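These protein sequences, in sequence, are chains U and C.
Residues in the first sequence are numbered consecutively from 599, following our numbering.
Residues in the second sequence are numbered consecutively from 599, following our numbering.
Treat the hints with care, since some could be wrong.
Which copy is meant is left open, so a pair is good if it fits within one copy or across any two.
[Stated by the list, open to error] Subject to a maximum C-alpha distance of 25 Å in a straight line, what follows is the list of computed DMTMM-like cross-link-like pairs (lysine to aspartate or glutamate): (1) Lys697 <-> Asp1062; (2) Lys1036 <-> Glu1002; (3) Lys649 <-> Glu724; (4) Lys1036 <-> Glu984; (5) Lys697 <-> Glu1093; (6) Lys697 <-> Glu1090; (7) Lys1036 <-> Glu708; (8) Lys873 <-> Glu663; (9) Lys873 <-> Glu848; (10) Lys1036 <-> Glu777; (11) Lys697 <-> Asp1073; (12) Lys649 <-> Glu976; (13) Lys697 <-> Asp1087; (14) Lys1036 <-> Asp1073; (15) Lys873 <-> Asp898; (16) Lys873 <-> Glu897; (17) Lys873 <-> Glu690.
Hints listed in this document are in silico derivations from the structure and should not be mistaken for laboratory results.
Nothing here was measured: the structure is a model prediction, and the numbers come from that model.
There are 2 protein chains.
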Amino acid sequence: MTQDSYSAHKATLEMALAAIRARTFWSAYSDRPIPSVYGEDALAHAAPRFKARLNQPFPIDQPNEAGEWVGAERSPYGFPLGILYPKSEPEELIAGARKAMSAWPSAHPEERAETLIEAITRINRESADLAHALMHTTGQSLTMAFRAGGPNAQDRALEAVAYAYDAMMAVPQQPVLWERPQGGNPPVRLRKHFHVVPRGIALIIGCSTFPTWNAYPGIFASLATGNAVIVKPHPNAILPLAISVAVLRETLRDAGFDPNLITLAADTPDAPVTKRLALDPHVRLIDFAGSPEFGGWLEDNARQAQVYTEKAGINAVVVDDFDDIEGMAENLAFSFSLYSGQMGTTPQNIFIPEAGIAAGGRGLSFEEVASRIAAAVEALLVEPAEAVEILGAIRTEVTLRRIEEARQCGEVVLQSHTIQHPQYPGAEIRTPLIVKLKGGDDPAYLREFFGPVVFLIPTRDTADSLARMEASITDHGGLAVGLYSQDRDVIEQCEAAALRAGVNLSVNLVGNIYLNQSTAFSDYHGSGANAASNAVLIDHAFVADRFRVVQSRFLAPPRAAE
Amino acid sequence: MTQDSYSAHKATLEMALAAIRARTFWSAYSDRPIPSVYGEDALAHAAPRFKARLNQPFPIDQPNEAGEWVGAERSPYGFPLGILYPKSEPEELIAGARKAMSAWPSAHPEERAETLIEAITRINRESADLAHALMHTTGQSLTMAFRAGGPNAQDRALEAVAYAYDAMMAVPQQPVLWERPQGGNPPVRLRKHFHVVPRGIALIIGCSTFPTWNAYPGIFASLATGNAVIVKPHPNAILPLAISVAVLRETLRDAGFDPNLITLAADTPDAPVTKRLALDPHVRLIDFAGSPEFGGWLEDNARQAQVYTEKAGINAVVVDDFDDIEGMAENLAFSFSLYSGQMGTTPQNIFIPEAGIAAGGRGLSFEEVASRIAAAVEALLVEPAEAVEILGAIRTEVTLRRIEEARQCGEVVLQSHTIQHPQYPGAEIRTPLIVKLKGGDDPAYLREFFGPVVFLIPTRDTADSLARMEASITDHGGLAVGLYSQDRDVIEQCEAAALRAGVNLSVNLVGNIYLNQSTAFSDYHGSGANAASNAVLIDHAFVADRFRVVQSRFLAPPRAAE
Chain U
599 MTQDSYSAHK ATLEMALAAI RARTFWSAYS DRPIPSVYGE DALAHAAPRF
649 KARLNQPFPI DQPNEAGEWV GAERSPYGFP LGILYPKSEP EELIAGARKA
699 MSAWPSAHPE ERAETLIEAI TRINRESADL AHALMHTTGQ SLTMAFRAGG
749 PNAQDRALEA VAYAYDAMMA VPQQPVLWER PQGGNPPVRL RKHFHVVPRG
799 IALIIGCSTF PTWNAYPGIF ASLATGNAVI VKPHPNAILP LAISVAVLRE
849 TLRDAGFDPN LITLAADTPD APVTKRLALD PHVRLIDFAG SPEFGGWLED
899 NARQAQVYTE KAGINAVVVD DFDDIEGMAE NLAFSFSLYS GQMGTTPQNI
949 FIPEAGIAAG GRGLSFEEVA SRIAAAVEAL LVEPAEAVEI LGAIRTEVTL
999 RRIEEARQCG EVVLQSHTIQ HPQYPGAEIR TPLIVKLKGG DDPAYLREFF
1049 GPVVFLIPTR DTADSLARME ASITDHGGLA VGLYSQDRDV IEQCEAAALR
1099 AGVNLSVNLV GNIYLNQSTA FSDYHGSGAN AASNAVLIDH AFVADRFRVV
1149 QSRFLAPPRA AE
Chain C
599 MTQDSYSAHK ATLEMALAAI RARTFWSAYS DRPIPSVYGE DALAHAAPRF
649 KARLNQPFPI DQPNEAGEWV GAERSPYGFP LGILYPKSEP EELIAGARKA
699 MSAWPSAHPE ERAETLIEAI TRINRESADL AHALMHTTGQ SLTMAFRAGG
749 PNAQDRALEA VAYAYDAMMA VPQQPVLWER PQGGNPPVRL RKHFHVVPRG
799 IALIIGCSTF PTWNAYPGIF ASLATGNAVI VKPHPNAILP LAISVAVLRE
849 TLRDAGFDPN LITLAADTPD APVTKRLALD PHVRLIDFAG SPEFGGWLED
899 NARQAQVYTE KAGINAVVVD DFDDIEGMAE NLAFSFSLYS GQMGTTPQNI
949 FIPEAGIAAG GRGLSFEEVA SRIAAAVEAL LVEPAEAVEI LGAIRTEVTL
999 RRIEEARQCG EVVLQSHTIQ HPQYPGAEIR TPLIVKLKGG DDPAYLREFF
1049 GPVVFLIPTR DTADSLARME ASITDHGGLA VGLYSQDRDV IEQCEAAALR
1099 AGVNLSVNLV GNIYLNQSTA FSDYHGSGAN AASNAVLIDH AFVADRFRVV
1149 QSRFLAPPRA AE
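With the sequences and hints as input, model every part of the structure.
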């Protein structure tokens, strides 16, 4: 790093530290592909570079004694990527990581933080390339992939560095002199050193839908606190993390550190390596986002490690009397449609009083509310070329089957239909399915239908809606709850219920801000207070356990003898 | 609280907050029974009050529907206490705690902190009474019981409040306005509230040797973060925690809160209730200090809770060339003798080169080093009346049996002998046993002989000593390691080994400061980085997970409309 970039990173760190305390709006990386930051037509220019990566080994020099390569990614837009990655054995990655943890843990927290900010800066320059990689692994549209997996994920990485730095700096970095008075005698004097030490090796298990956004917090928090990191990407979303790991390795090497502080453990669904890595005694930290089943397995079995999980939950919206019914319907329509509901924060269960609501001075029946919401979804997705930009592609067969299954759960209010992608005929594109369930006792809504599935649930009244929302989140977890109401009492009751259920609440969102979005430096993602997650992106609890302090005390000579 | 005490507590909190960052010497509560603080002859005046408690029900008004009472404490000084405590059922304590968590979690962190500092202030006034209660439950001498279990424990309680407050205040306590720019359009505006919410009910499982010192951090950290607390004392060390719980209940009631925020779950060895409490789904935090077996059981089984454990380890001292051999021997003698080695931090394994060391310009053989240490122990304990003040009484039969067993492990360098207590003929008092083992491969030293047992272990050289120290701590855990050396390289190597083993190191301690002491606001107790403990008294990791943040976001009107 030059002196200039060093100063710039120091300033960025200071702003990030202020931002995590203030939690007002702040962002370090623009999330629009504006020319002044990303160059002219950055996304278009990156397309041929993405094509050039296909059907090639991905260049990354890491331990791989056998020299074998692996990879079976397939774009949800309908073609195999054909990219191969080193098939490194878990044992060689662990040996490499252990060896690499020599100089890194004893570097000053500020040096580590600034080195990592340099890496984020370099990753930021790859944002357009990452967008293509993310699009063709997750199924997101290119613009969403750019925003969520590029700059927004980079903000979360910086946030992790800031939290980790803040937590470490709560420990004195210089030796302190401790003098205990002893009545008339000279004080007892000790010189004390407080050493921040890493836990060991951190394993980050990537997810298939937001590989960078979900993995960066763990990667950067663990590296910042002195640990080495092994990144085990989802077998269908390797490329975005391979690019990120390669940049980090290069940055670490340029800064004089061992690049094996971060390595990639690519695998295929047929020959997974995750469990071998997760149970290795040297792995002391695990970050996971994905299925409740595997998250639960990790929590139960990887007992040698601190395990941070984001699993799944069932998100809900409570609809009460609300004047701007159009604004609500449009807002919900976008939330349902964005990335075809393949987000942990997409709302699934919409609780509406069976007798309807009051809106704009008149009554709206349940059916009218339902049809306004359905109409808003139809209007949003009427133009296929625009619709695919919102919906992206369905990532797996399982999601397609879930749509079929959900159709049988009740009365179809809005049918899910297929859209042909203008450029990618192989892509599976589906609009959201909206199903009206029988009522609050219908068991269907207590299951997560990950994907473009929405249930409208008639309830006795708003109090019943609130009770069912709270019970479903308490029992099954949830990351996000919405409320539309003009009644101050209802808002208070809903907030109290959300606090009891430990779920984040968004009230009366209309316009260009959505329930399923959470923004670095301000919103917490998850609460760790219900079954959906045991960790939060990002708070002090997310970083404080990633390092330990070991102290050395030395008898110091009496003051006169100094 | 009056306005005056409110201001005083605010000032105390601010000093404590500064102290946890500086980690130089600071203490809020004098640990000598000086008249200006504790009254004339405080310890003597408390004796009749202690006697008056015996063979009586302990006055504490908490849920106890059946009206049964329980208690089987016996003083290690040779008599039963005969004190009875409410035999409250776990279910009624949990119901009481849940109900009590209404106003407390929504009080401002500062209000909770100041209420708890008021409680510590009131506990401080009970220090002389606590000293007698501690003496006759733990077997400590009265002066040690006063210091360690009174003011030193109160400092640790205040430290817990300060850390908890610091962690909560990292989250904005007032709603914040988030404004995201939108190009030429008016910004999107959200008002965001970040609610600190408790985890649930905290269970504190007390230990038999330092019931207050070990329990206060968990009690005060959990209360400060809004949780309700159930204190399950060791069946032979109930009284000190009963006194503490009663003061906390009274303070909470005076401050307008439900006293069932803290209750006592007394039991007997014949009818333990710990597992029932530990597995209750409402118990979300558990603090435990005690045996590795039960600590391991909690970690494996109480999966619904965050479990903070201090288990056990094997502490070591490495002896290298050192001039002040007298100072070293005296210092070690005191460490071995204090409370008959019934401390988690007492050194057990002393590694000494078989060829001896250099001291004061001449060589000292292994045998000479051994006999200097033995002579220092004998000299320290030559006067029975003074010796019992250091040794206290042996708490259990098991410890007496361990001394017998250790005798068979090698060559006895200093025999453990019995001292008759001048006032308490029923007390079991033993001086430390010092045994020379065969060598570094002797398996005996890889077991913890909790109590007055010291092994001298001949090694090939200091490098071998360091390697064996590191291996034993890495494999079996340890809280404290000592080194005596004048060689800068050896000191560096030892520090590096201690960092790898994750154990706190004290170098060249002579005079009135000992390996087995750790001081609030400066020393970390444990590191959480080896098998001896998964938690640290006290760091941010100890408090950051005791609460969660749940956010509510509200769409805010455009700026012009305000």
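Right, here's what the structure says about each hint:
1. Lys697 <-> Asp1062: Between copies, since 23 Å is at most 25 Å while 58 Å is not.
2. Lys1036 <-> Glu1002: For Lys1036 and Glu1002, the Cα distance is within 25 Å only inside one copy (18 Å; across copies 74 Å).
3. Lys649 <-> Glu724: within (15 Å within a copy, 76 Å between copies)
4. Lys1036 <-> Glu984: neither (34 Å within a copy, 81 Å between copies)
5. Lys697 <-> Glu1093: Answer is between; shortest inter-copy Cα gap is 19 Å, intra-copy 50 Å.
6. Lys697 <-> Glu1090: This pair counts as between: shortest inter-copy Cα distance 20 Å, intra-copy 55 Å.
7. Lys1036 <-> Glu708: Answer is neither: 58 Å inside a copy and 48 Å across each miss the 25 Å cutoff.
8. Lys873 <-> Glu663: within (21 Å within a copy, 50 Å between copies)
9. Lys873 <-> Glu848: neither (28 Å within a copy, 52 Å between copies)
10. Lys1036 <-> Glu777: neither (72 Å within a copy, 40 Å between copies)
11. Lys697 <-> Asp1073: Between copies, since 20 Å is at most 25 Å while 44 Å is not.
12. Lys649 <-> Glu976: neither (34 Å within a copy, 82 Å between copies)
13. Lys697 <-> Asp1087: between (59 Å within a copy, 22 Å between copies)
14. Lys1036 <-> Asp1073: Result: close within a single copy only, 20 Å intra versus 59 Å inter.
15. Lys873 <-> Asp898: For Lys873 and Asp898, both the intra-copy (12 Å) and inter-copy (19 Å) Cα distances are at most 25 Å.
16. Lys873 <-> Glu897: both (12 Å within a copy, 21 Å between copies)
17. Lys873 <-> Glu690: within (15 Å within a copy, 42 Å between copies)
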